[in-house]
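So the sequences go chain by chain: A and B. Per our numbering, the first sequence starts with residue 1, numbered consecutively. Per our numbering, the second sequence starts with residue 241, numbered consecutively.
Misleading hints may appear alongside valid ones.
Dumping the calculated DSSO-like pairs for lysine-lysine here, alpha-carbon to alpha-carbon at most 30 Å [claimed, not checked]:
no.	chain 1	residue 1	chain 2	residue 2
1	A	K179	B	K474
2	A	K186	B	K474
3	A	K186	A	K234
4	B	K419	A	K234
5	A	K234	A	K179
6	A	K234	B	K426
7	B	K474	B	K419
8	A	K179	B	K419
9	B	K474	A	K234
10	B	K426	B	K474
Just so you have them, the derived chain A footprint on chain B, three or more residues with Cβ under 8 Å [to be verified]:
no.	region
11	264-273
12	366-374
Here are the in silico distance ranges between beta carbons for each label pair [stated by the list, open to error]:
no.	chain 1	residue 1	chain 2	residue 2	range
13	B	Q451	A	G195	37 to 45 Å
14	A	L214	B	T362	18 to 26 Å
15	A	E22	B	E337	16 to 24 Å
16	A	Q79	B	Y466	38 to 46 Å
17	B	E337	A	A36	38 to 46 Å
18	B	D449	A	I78	37 to 45 Å
19	A	G195	B	E337	37 to 45 Å
20	B	P401	A	Y65	44 to 52 Å
21	B	S274	A	P215	27 to 35 Å
22	A	G46	B	A320	49 to 57 Å
Since the hints were derived computationally from the structure, they do not count as laboratory data. Even glycine gets a Cβ: it sits at the ideal position worked out from N, Cα and C.
Number of protein chains: 2
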Amino acid sequence: MTDQHGTHGTLYGVGVGPGDPELLTLKALRLMRSAAVIAYPAPDTGSSFARDIVASHLPEGVREYAIRIPMQTDRFPIQAIYDDAAAALTPVLESGEDVVVLCEGDPFFYGSFMYLHARLATDFPCQVVPGVSSLMAGGAVSARPLASLSETFAVVPAPLPTERLSELLDQHDNLVFLKVGRHLDKVRRVIASAGLTDRAIYMERIATDRQRCLPLAELTDTSAPYFSLIQLNKRWSKPV
Amino acid sequence: MTDQHGTHGTLYGVGVGPGDPELLTLKALRLMRSAAVIAYPAPDTGSSFARDIVASHLPEGVREYAIRIPMQTDRFPIQAIYDDAAAALTPVLESGEDVVVLCEGDPFFYGSFMYLHARLATDFPCQVVPGVSSLMAGGAVSARPLASLSETFAVVPAPLPTERLSELLDQHDNLVFLKVGRHLDKVRRVIASAGLTDRAIYMERIATDRQRCLPLAELTDTSAPYFSLIQLNKRWSKPV
Numbered sequence: 001m002t003d004q005h006g007t008h009g010t011l012y013g014v015g016v017g018p019g020d021p022e023l024l025t026l027k028a029l030r031l032m033r034s035a036a037v038i039a040y041p042a043p044d045t046g047s048s049f050a051r052d053i054v055a056s057h058l059p060e061g062v063r064e065y066a067i068r069i070p071m072q073t074d075r076f077p078i079q080a081i082y083d084d085a086a087a088a089l090t091p092v093l094e095s096g097e098d099v100v101v102l103c104e105g106d107p108f109f110y111g112s113f114m115y116l117h118a119r120l121a122t123d124f125p126c127q128v129v130p131g132v133s134s135l136m137a138g139g140a141v142s143a144r145p146l147a148s149l150s151e152t153f154a155v156v157p158a159p160l161p162t163e164r165l166s167e168l169l170d171q172h173d174n175l176v177f178l179k180v181g182r183h184l185d186k187v188r189r190v191i192a193s194a195g196l197t198d199r200a201i202y203m204e205r206i207a208t209d210r211q212r213c214l215p216l217a218e219l220t221d222t223s224a225p226y227f228s229l230i231q232l233n234k235r236w237s238k239p240v
Numbered sequence: 241m242t243d244q245h246g247t248h249g250t251l252y253g254v255g256v257g258p259g260d261p262e263l264l265t266l267k268a269l270r271l272m273r274s275a276a277v278i279a280y281p282a283p284d285t286g287s288s289f290a291r292d293i294v295a296s297h298l299p300e301g302v303r304e305y306a307i308r309i310p311m312q313t314d315r316f317p318i319q320a321i322y323d324d325a326a327a328a329l330t331p332v333l334e335s336g337e338d339v340v341v342l343c344e345g346d347p348f349f350y351g352s353f354m355y356l357h358a359r360l361a362t363d364f365p366c367q368v369v370p371g372v373s374s375l376m377a378g379g380a381v382s383a384r385p386l387a388s389l390s391e392t393f394a395v396v397p398a399p400l401p402t403e404r405l406s407e408l409l410d411q412h413d414n415l416v417f418l419k420v421g422r423h424l425d426k427v428r429r430v431i432a433s434a435g436l437t438d439r440a441i442y443m444e445r446i447a448t449d450r451q452r453c454l455p456l457a458e459l460t461d462t463s464a465p466y467f468s469l470i471q472l473n474k475r476w477s478k479p480v
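Chain A with its partners taken away, still in its complex shape (with noise of 0.2 Å):
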């Protein structure tokens, strides 16, 4: 590196995209193909999603650092573990190699990498490789475009209250329910009320083997997995 940072390493947060290998982008296969250091979020046990997405394309003999996040998340001091994440991460950095980062979707969308971010980018110079989102993706999934023109676009994480999402559906023309999981129902009711249910669709695992997408009138299950999204569009009909 020949930047103000003399011969520091670099640190990339790298989109690898919602789900599907071949949604990775050139940008960020060159730099895990060169990384010294490949780091990605993981669960307490079991395997990163993160890391699953790139596994065919990872380097023979990488080195690899798992920032693992317990799943209640409230129950433990999620700030210390990104401060030892940093640590672990800086004296690769300050002997001049580089670490990648592999985010789900987007780094900066909803995403963790932010904290890292904060953490180094002070010391260490750091880059961001956008991805493609499960919001883009889910676009193409349902088939259905995701805002045009003049329309306005509100991405609503499911988690607010009952009073917040009917007013954020009330005054947008498009929404995507993020983090659907467990706000399934709370979501679904708040739809209906407005009387707009045949506009709306259900995604989960976008992308993936897994892969569901059927509209919301037809979706009979209670809950849903975290990585689930509902894309409702009030003015929906052909473009001509």
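Fit chain B to the given chain A structure using the hints.
For chain B alone, coordinates are given in the frame of chain A:
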């Protein structure tokens, strides 16, 4: 093809990302390389931005079809342009050959591919391949996360009236104003009225050689190119 459409070719709407040829996905590259015909939007005269992005990857001898779209679309019958394009691509698909339509950013996020999709997807197999949006590329360039946790995120086309822009600004944690162009002064006034100028970042021609990114407060221009956006994060502070 062995689907319900018999031996017809497939229409692919392929996102080519915001500008950097390295932000192409592996899937986009594969489909481009095996397509019989590559189609793309283009101005009346001059080169197509979507084609320029992938020019180095275009296979030798591929047939090309430019969908010429006048800049001043209000003066022209835009529907007739897509009718003509669909009519031109129909015999290719009928003959069993695949058509790849190149789309800047993502095909279904404020993209024009929806017009071809509406005309051809009933008669031919059609697949949308999501791409990296300028939205996510903007967050990477500004080095500021677009949204996190249970924050809301709104995409707001700048041509909307002042009152509507103010209302949306009031209601959301994070916003991106798209298509800023000649609406720059209006958007700037709306943001200033809310006292949020210091939270806004202006970007144009993201992920190209001509990229600019600066705090809105430092921007002295009074108009902007069409491919410009303003990212605003109300509660922006370093994540901990």
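Pair hint outcome, K419 (chain B) versus K234 (chain A) [Cα-Cα no greater than 30 Å]: holds (22 Å)
Check the hint pairing K474 (chain B) with K419 (chain B) against an upper bound of 30 Å on the C-alpha distance. The given pair, whose Cα atoms are some 20 Å apart, holds under the 30 Å limit.
Taking beta carbons only, do three or more residues of the region 264-273 of chain B come closer than 8 Å to chain A? That given contact holds, which follows from 6 residues of the region 264-273 of chain B lying within Cβ reach (below 8 Å) of chain A.
Regarding E337 (chain B) and A36 (chain A), is the given constraint of 38 to 46 Å on their beta-carbon distance met? holds (45 Å)
Beta-carbon spacing of G195 (chain A) to E337 (chain B) - inside the hinted bounds 37 to 45 Å or not: Given a distance of about 44 Å, which is inside 37 to 45 Å, the answer is holds.
Can you let me know if the beta-carbon spacing of P401 (chain B) and Y65 (chain A) is within 44 to 52 Å? holds (50 Å)
Check whether the Cα positions of K186 (chain A) and K234 (chain A) lie no farther apart than 30 Å. holds (19 Å)
Mind checking the hinted window 27 to 35 Å against the Cβ distance between S274 (chain B) and P215 (chain A)? Given about 33 Å between the Cβ atoms, the range holds.
Just to be sure I understand the hint, the distance between the Cβ atoms of D449 (chain B) and I78 (chain A) should be within 37 to 45 Å; is that true here? holds (40 Å)
Hint check: K474 (chain B) vs K234 (chain A), CA-CA at most 30 Å. Holds or violated? holds (27 Å)
With a cut-off of 8 Å between beta carbons, are at least three residues of the region 366-374 of chain B near chain A? It holds, with 8 qualifying residues against the three required.
Can you tell me whether the CB distance of E22 (chain A) to E337 (chain B) sits inside 16 to 24 Å? Holds: the Cβ-Cβ distance is about 22 Å, inside 16 to 24 Å.
In this structure, none of the earlier numbered hints is contradicted; all agree with it.
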